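Dock chain L against chain R, hints included.
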Amino acid sequence: MSLPGLGLDEPEEVHTAETSQHDLAKDNEWRFEVAVGKYIQLKLLRGTAELFGTELVIGNTYTFTATKAAIYTWHGCSFEVRGDALQSEYIAEETPMSEYINVHFALETLRDQAKAHGRQGPRVLILGPDNAGKSSLAKILTGYSNRSSRSPLVLNLDVKEGVMSIPGTFTATVFKTLMDIEEGWGTAPMSGPNGAIPVKLPLVYFYGSPRPEEKEGKVYKAQIRRLALAISGRLANDAETRESGLIIDTPGSLTSSKTGQVGYDIIQDIVSEFAVSTIICLGSERLYSDMVKRFDRQPTVSRSTTAGHAETISVIKLTKSGGCVDRDEAYMQAFRAAQIKAYFYGNPRLSNGISLQPRQQQVDFSTLTVWRRISSTPDPSSSASVGASFDDEDEETFLPGGMTDDASGTYPGGSSSKVALPASQIYERVSAPYAAMRNAILAVMNCEAEAEQETIRDSSVMGFLYVTDTDEARGRISLLSPVAGRVPARAIVWAGWPEPVLGIDRS
Amino acid sequence: MSGLPSDEVAEDYKGSLEDLVTNDRYQISNLTLIAKENIEHAEAISRVLQNHINRAPPARKLPALYVLDSIAKNVGSPYTVYFGRNLHQIFMLAYSQVDAPVRRKLEEMLKTWREPVPGSLSPTPVFPHASTQSIVDSLNKFRSPMPAATRYQSPHIQPTPARALVDPRYRHTPTPPQSFPPLASGLASNTRSPGLQPEIPQPPYTQTPPPSFSQPYPPQATPLYQQQPPAPTTQYHTPTLQPGPISSGGVDLQKLHLDIDDLTTDAKIECATHPMDAGARRKLASLQTLKEILDSGNASERDLVDIRNTIMQKMAEKMAEPHQPPGQTAIPPIPTANTYVPQTSIQQPAATTSAATSLFNSTNLAELLRATVGQQQARQQPNYYAHAQSGVATPISASTAPSATSENPLLAQLRASGLLSAAPTPPQGVAHSMPGFAAFATDPVGEVSLTSASIRIPRPHLVATLLSAWPNQCSTCGRRFTSDEGGKAKKARHLDWHFKTKARMLEAEKRGQNRSWYVDEREWIASKEFEDDAGPVDATGVPINGATMVAKKKAQDFVRVPADPVLRSLPCPIDQEPFKSEWSEDVQDFIWKDAVQVGGRYYHASCYTEVTKGREKDGVLTPVGGIGRMATPDSVLGKRKAEVRLTA
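Going line by line, the protein sequences match chains R and L.
Its first residue numbered 1, the first sequence is counted upward by one per residue in the UniProt record's numbering.
Its first residue numbered 1, the second sequence is counted upward by one per residue in the UniProt record's numbering.
No lab work stands behind these hints, which were simulated from the structure alone.
Values in this document were obtained by computation on a predicted structure and should not be read as measured data.
Check each hint, because a few of them may be wrong.
Straight-line C-alpha distance at most 27 Å; calculated BS3-like pairs for lysine-lysine [as the list claims (entries may be wrong)]:
1) L:Lys-490 x L:Lys-528
2) L:Lys-141 x R:Lys-293
3) R:Lys-115 x L:Lys-141
4) L:Lys-510 x L:Lys-488
5) R:Lys-43 x L:Lys-491
6) R:Lys-115 x L:Lys-528
7) R:Lys-43 x L:Lys-500
8) L:Lys-141 x L:Lys-111
9) R:Lys-293 x R:Lys-258
10) L:Lys-502 x R:Lys-43
11) R:Lys-320 x L:Lys-141
12) L:Lys-502 x R:Lys-320
13) R:Lys-115 x L:Lys-491
14) L:Lys-580 x L:Lys-528
15) R:Lys-115 x L:Lys-500
16) L:Lys-510 x L:Lys-490
For each label pair, taking beta carbons as the anchor points, the in silico distance ranges come out as [what the hints assert, rightly or not]:
17) L:Thr-465 x R:Ala-116: 18 to 26 Å
18) L:Asp-484 x R:Arg-46: 52 to 60 Å
19) R:Ala-236 x L:Ala-489: 28 to 36 Å
20) R:Gln-113 x L:Ser-483: 38 to 46 Å
21) L:Gln-133 x R:Arg-327: 29 to 37 Å
Glycine included, every Cβ here is placed at the ideal spot set by N, Cα and C.
Chain L extracted, bound-state conformation:
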């Protein structure tokens, strides 16, 4: 066994997991083997795996879950214990983000978890029922509130019975442990379920793609999906292959169906991830209506062309997205959206503004569709805004309006859906798709309401707005200012304040600082916090740093007793009288009243005035304070004179 530290193993394992993009039997068995060999790092590995499952994009969740399944069945404890703790959360999170076919796989897998390990003599299930039962419950709950529309064409799934006996489909579970290729026999001999191994067939990736796609699938596609021919989400054709919009001629109905299915699935995912999102539900309903119409064959040729072109456009945009390498960690120059969030922003302002405006007055089916779909895509792939945006903005030449006379129920419905979603926020305040655009410009945060559901939806654009609203940062303290004139002026004052504070700090350091008494209620109520640039520096009697200010203002009358004992013992050079120390409540320090400091010596203020009288009309008493700033040139003169006289 390796003697590596846990985190190193974990890091390694994480790397391997990230390479797992398809349901690759070999890889999965390999990962299982690693987990087995490093069983002493079980905790780290299981943590990494759980994180990976939670964070993986929907298409990669299934393979990752298969790894979990495989480890649980082939290695068992202690992994089952670690997984068991968070099983519900992992499973439900994954379940909520994948599409129907994958869900079915997940359910099958869950079923096997509730049964004994295949081939094992022990009757205990893979995971204790305690951890799986809650998932079953949640699944049952999860299904019931799903909008009827979602169930419309999703394969109907039996709620998993509390404990299934022998499920006939059991052997067909695609779970890898039972499908280890022979080369993994080394592992198999160690596993608890060697017996069942050879029986399990069907490596999913051997499936041939459905005929309508001539292009090889990009690697992102999970081959597993291909087992269901219409399987929509992953049919990433390359945009180049797409025939350009055709304004007339035959419409490939089959393809159209597929594409609509695809978009429908997206909408469904949207619906499932945000069950409270009314907008998504409406959109889904619209798409499904569209499909129904197509199925019924009532649509006119022209409608079909329109629909087809629009859908194709959408598909092209959709295709363009996955070509971006996901998960870039480079620091973007300007704040943009999150990348990590799988389920995302409901509103993408940039991408949808144009769509929204056209939406409100348009009777155009294509535009309507485009708007809805564009929005939907913006939601699904927040990190690719740029693409979605440009796609939406591109005018589509073929989008000729369907004849106004064709009172297609579909059209009416779509329009209604568009208009409906423009209606004000439903009372529960769940974020909704269309409405905010108009309001958005004026009130960038109008959409988050204080409900647990609304709070959960990440809103990268709002974050970006908040973070970039004040680009002008003070390099000393980090305070931010706007980049306009007002902000610049404010910053200048603020920097000034920093400078002054620094000077006062030096002064205060010599004297020594201490904590002030807290203010009482009356003072506190009357107080107002000042912004640094406007505050205590100029105002007097302000409680913040008040003591110093008071000392400065009243410096004409007194000075603090100097810390230097020599200075303290010296009498006034003019009348040779010593100074009398007094405690000052205001200053909270000992002071000399009627004293003034000039050029490093202390004088009685009265003596000093007397001596310098006549030479200086006024401003005599200004040269106080350690900084030695003089109010007028006169006083400098006066000071020098005085000193000369004294030293003489």
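Bound conformation, chain R alone:
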């Protein structure tokens, strides 16, 4: 069952609220998995506990959904859990936490030095295959940094998972305030306050594909370059963040052998664009030795060159946590759908969550400037036939590059029948709505509607729209917009990824 978004619509079953109490010995970890659409409540009764570096408060109820996480304790604790059945749970005695916290101590030393000498704090790049615990490590390091009163800039380059935004995006966010234990990272700004945990302000870029290696990584690299510029601007303004440094999370596919050389080229790019000073390799010896060969003891590309101080890159490897579990595609898809839904609706069932009210509106398509990415979205000229099947076939997914398994004949076939577009062209203007757009995610870019193609591509994102319906006959389109009012007169990009989510408006 890989029905995107289906998990969201599961009827609320009546569960007997079974409460179970767990006692955790010191240095142990309770690992648990909550399915999408399921909710558990957790309350810490005694002792101290943390979730990926951020502390839990005794007596507060934390609600978790769609997560695979672990409660760790340095001193021992006991807590109670109730709610829906967990997918899995167990207590692990072996954890790499002491290694991870040591990394934090080492970074703290560098931050202190940075502060003392007015230099840039450590720029940490986390590499590793999929499901090696990269994001968790990033969270842990960020959580500990917060505890040490730092405000690091967290850079998510993993396009498969969103941080403070939906999947398919790059984000840069300064974490000065507490991370949101339930949300994973935190919440982007809303029209009102966000309960006990302040919102954080992300800068968002839209990559719109799960595969960084596409087009030899050219697009990915271009957007990274743009992001790096913004970040160096921010660091120049913000001394506190400059000293705290960067924590960079990456997609696992960069290190996979399938990606090959392109992945390493991208890593090279990241290292030089962000002047990375520390590379952490998780879960792959081969990767570690490759990185050591390439980068260890090489001088960093530091922009803040202080005389007499030559900074070199250190490459270290860390143990992969035994708690890392493979997240299959079905789970990831449901997870992405949940992230997208949370963007529009919030997650009111979380104890710190807010119910958001996006605006549903029908607009004249001609007032919008919608650009479709040629390589990854269905061609309108072939949509007449596709449209019908699209409504019925729930299993339809848009894989970038038109590599849909069951409809692969349809999409590329459509475009190949047309006159070939120039290779440099990325987007094509969509003049009228068509059925294939239903349930798609559109990105509103921060640039002129008619801007140059590359400008559109590299612009930051203002927000996302969700297409609830199209009315081809009247040339109108129904949209779900996070913010009420006219859709901004900006370029709107349809990239075909994250994949369409069914029924997000029917909740």
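Same frame as chain R, but now just chain L:
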């Protein structure tokens, strides 16, 4: 066979394993039997056993490994498959943490793994060569980088040949499968190797203790060690037995030797577990030099007394430690060190500060030794800091300085070692023993460097520092503050912020919230994250929650269109004109311009000003916003007046 669920069996098995403290043949065969009977839970059992081996204190590793060995040989598949997966890791971890005699046992055991099961007709080895070969390779590698000093007196071990044929020592392996007592015959008949059973002799625990110890061994001691008379690590004499420091008179040389051996072994373990640790290596070298001097018999009587007293003191401290019940899981009131880590912190600040200070200027052998050894013990037994600490702090009366004239090479060397270790960090940044103390107070994290080796060393004291640095916790969100005045003030502001946010939440709930557009690059670059207590609540135009703030600030000019349709349709009570809705880009909502809300009704701000003019000089327009807070008492009056007039 039992129909119990796997985890229950596993839990049970774990309990039994934890009871296994000595190389008890009966227990081991029993555990083997259980494993055999519950073969359907092989995965759970093997997992538990592997975890146990990995976590057990060094002294208990060997018995646990014997269980593994016994199961592998007597039960075989599927256990061999499960063990085989992690065999390298299990073996090497255990190997790295035990002392030389046990290592030899392990090597013997490894050798048998590479041979067919004793008595079996099948020529396949106990474990496939694929899984054992890597261990052999690692062992060879492991030995080569060991400091020469370590090899100094450790029994020389032949690298295990790729595949040994019949090893003459084979029959003497202490592996239990071959040494089942008759009462385990029920098991034996089921095993694959019944034939060899009776041949295997020597239950290790029948050995008599070496003569120098009159006290029975505490149960922690692994009797196995006693087969090697000088076997150092486990000679736990009770401190009460120790003769007090004697300032003169005969020195029991033999005992001194034994004790030094003991400490040496500790140092060796330290060395082996942290091969990169230069400090440990130096210490080991010093101890060995000390031993050499003793062996040579050149030392003066006085030196000997000093050495003896110091060593005895160390031994007493060491003895005191194991009496603590290990592995307490109770939650300590204040954060302290880890208990689970077998190889541990390189630096224990509390325990070593006094030692370190004296170390730097002292020419005193005893003190030097004490410092080094105290430190070493702090490392080895992190959960017993308190003991180690008090031991170090206790002044030793007998520590008279050796005559300055006696230019004992040992002294020089020890001093050098002390001074050496006070030198700055070696470039590879490996944590080292002595140096940090001075720096420690000012920079608590100065010692972890970004190298894979340094990262691996657990540092419970740093963890404790981090976790306890901010004891004052907000009970709402968990944010922590310092316990000093500044922290308290900050927390007060923070709680204030929580309160205000709550109020605004209620307000926002009525109106309904929505996600804001993301900021663009320029705005983001210029933005600064605020701490909650200082941030958006007071500042204006801040992107965080900015919209609400803008709405509040500009409330003088407009109000949001009310959600209530009745209210929305009502005209201004003063001029009876309806309100005009407009879309506001700033507020991202529909608003009524020139409007003001007073007491649940909306007025045109201009009308309202007009009507109330004269009664209120200023502050007329302050009574806005749903909270109904008034700026001055005047305005309350004014409001009432206005209402009266309207209703009239």
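Item to check | Violations among the numbered hints, reported as their numbers in ascending order | outcome: The structure breaks hints 3, 4, 12, 14, 15, 16, 18, 20; every other hint is satisfied.
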